[in-house]
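K.L.:
Top line first, the protein sequences correspond to chains R and S. If you count the first sequence from 1, position 183 lands on 183 in UniProt numbering, and the numbers rise without skipping. If you count the second sequence from 1, position 161 lands on 161 in UniProt numbering, and the numbers rise without skipping.
Keep in mind the hints are simulated off the structure, nothing from the lab.
Straight-line alpha carbon distances no greater than 16 Å define the calculated EDC-like cross-link-like pairs of lysine to aspartate or glutamate that follow:
no., chain 1, residue 1, chain 2, residue 2
1, R, Lys-92, R, Glu-57
2, R, Lys-228, R, Asp-105
3, S, Lys-25, R, Glu-73
4, R, Lys-222, R, Glu-38
5, R, Lys-25, S, Glu-73
6, S, Lys-222, S, Glu-38
Every beta carbon over 12 Å from chain R, so not counted as near; a handful from chain S, in silico:
no., residue
7, Arg-86
8, Lys-87
9, Glu-103
We put the CB at the ideal spot given by N, CA and C, even for glycine.
If you want the building blocks of each chain, they are given just below.
There are 2 protein chains.
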Amino acid sequence: MTPCFQKMAAPGRKVLIVYAHQEPKSLNGSLKNIAVEELSKQSCSVTVSDLYSMEFEPRATRNDIVGCLHNSEQFNYGAESWEAYRKGCLTKDIVEEQKKVHEADLVIFQFPLYWFSVPAIMKGWMDRVLTQGFAHNFPDCFDAGLLNNKLALLSFTTGGNEEMYSKGGISGDIHYVLWPMQHGILHFCGFKVLAPQICFSPEYETEEKRKEMLTTWAQRLKTIWEEKPINCTPEWYFRILIFPLHQQELRYLASCRTEPSPAKTPLESLIELHFELQKVTLKHPIPVINYSLSNIVSVLLMVIPECIIVWKKYVRVCYFTNTSQ
Amino acid sequence: MTPCFQKMAAPGRKVLIVYAHQEPKSLNGSLKNIAVEELSKQSCSVTVSDLYSMEFEPRATRNDIVGCLHNSEQFNYGAESWEAYRKGCLTKDIVEEQKKVHEADLVIFQFPLYWFSVPAIMKGWMDRVLTQGFAHNFPDCFDAGLLNNKLALLSFTTGGNEEMYSKGGISGDIHYVLWPMQHGILHFCGFKVLAPQICFSPEYETEEKRKEMLTTWAQRLKTIWEEKPINCTPEWYFRILIFPLHQQELRYLASCRTEPSPAKTPLESLIELHFELQKVTLKHPIPVINYSLSNIVSVLLMVIPECIIVWKKYVRVCYFTNTSQ
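Please take these sequences and the hints and turn them into a complete structure.
P.N.:
Quick look at the structure:
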């Protein structure tokens, strides 16, 4: 945690709200208005990019580059927009949005969840505004991303209720929905991500409950500058899990696994094996193990009778069969 | 598996390719061309929606409804487009795309991955074409979705390489990227999903390797009608995981947990507790347990010395502390 995010004073701070709803009287409209009101009270300077009112262009095309292309023989949007950013040849609407982002201390995205993601008009804002050279420039990405002096926050409404977006719910864990947006976009550009503000299923709630959603948001904004960024890439996204394998996967593994090289560490051998498995599991996704190996082996030996242990000189790997399949 | 997906004959089958790339000479363009060529050879009827050439409108607005609105006082895109679908008042470009989808046995989406998702122009196709009433109509969603007599396949190129999209890689497991698209969109509408066709990082590959990507795709298409749909919602997306809890979460749990009601089954009590925990973990995501309880309890008792067991009359729940935090 860098000290600048601790006890950040509100007055003078700049906030950009990127807002995507067609209807000013919607809950999204009210959430946006309340943010403008509350943050202005704190003497923050607030700018709103009201994408539908602006008729913001979502399509990433050749029109985004003013003048000649770097390679007009074969158009490559990523390469051309990067080059155009460096030369100052990006089209006016992109430049204006980049200027707003550049000046902002905090960017709030306010939108209704469409198909487990942002609406196309907001996706277009991300596709076109977060240009290489401006927002990221490999290896300047993730924690080293070019916008890493800024905070970002996703504030959205959903159609489904909270239970549907729980781990066991039909829509799956809401963290899967957050992943591409929070890690893939915001974190990639360096943004420090604040906890998402989610209003579950307002259309099926009472008027009273909807009002409560607004006051909760207003209340939160009063101390928003004291909030610490969340870890939007907690370990569980990366940890390899233990699951039963199908008989066919076991047969595949038995047929393709080679002796680990003595030149490799156990971890290297394990990673290699993991990639082999990924080729199978991409079609029939069943995650496999890594974990603390000695720990896992002992646990499995103790409790899983169907456990199959493959013991090698340099790497100990175990799979256990699912007898029900 | 319904018998119709086994040994589906190619001749006469209809395929829609929804294609989003600005440059015909791109790898995406070639992948699209090869699909048209190969499927036509099989006497399939192939239609391409070339979104950039069509200048397809991605913005979901009031213009999508021809004539009067159902509620002009407060515009609600979802409700209005549903109503317009029923009355035949959707705008022409949406109707045309819906007709193509309606006729198709297989829909292939061909695109470069932009920001862990489809480009905005394709997101707009999904936002606008997959209307309630046409593609889904609660409870007619997921397996009962209105397009459940069709196959769908995501074919895309990435910037990052395969290792970056592995479980331990910096971009995280590719299955997280696939989740909103395959489960949240395609499966929601009922599509049977075929394995994705992913060309990792073609820009950083040799010309030879790029050619190989094309031939692999052509080869796969030869037997595409014999493929069985994948399970795009395997159990691991839903299973609640065991992870160490922070001391603060344990304290929170200790303070808020109430006695389970005798009227509830152990599973109901556990689910209730899980929701309590989700409120905490949404800000600091640390998944918690469910699993086969008796199994877990015995494993934990055996191997984790720091294990804290909360034993109740109707539900046995255990958390274990992470001593390193």
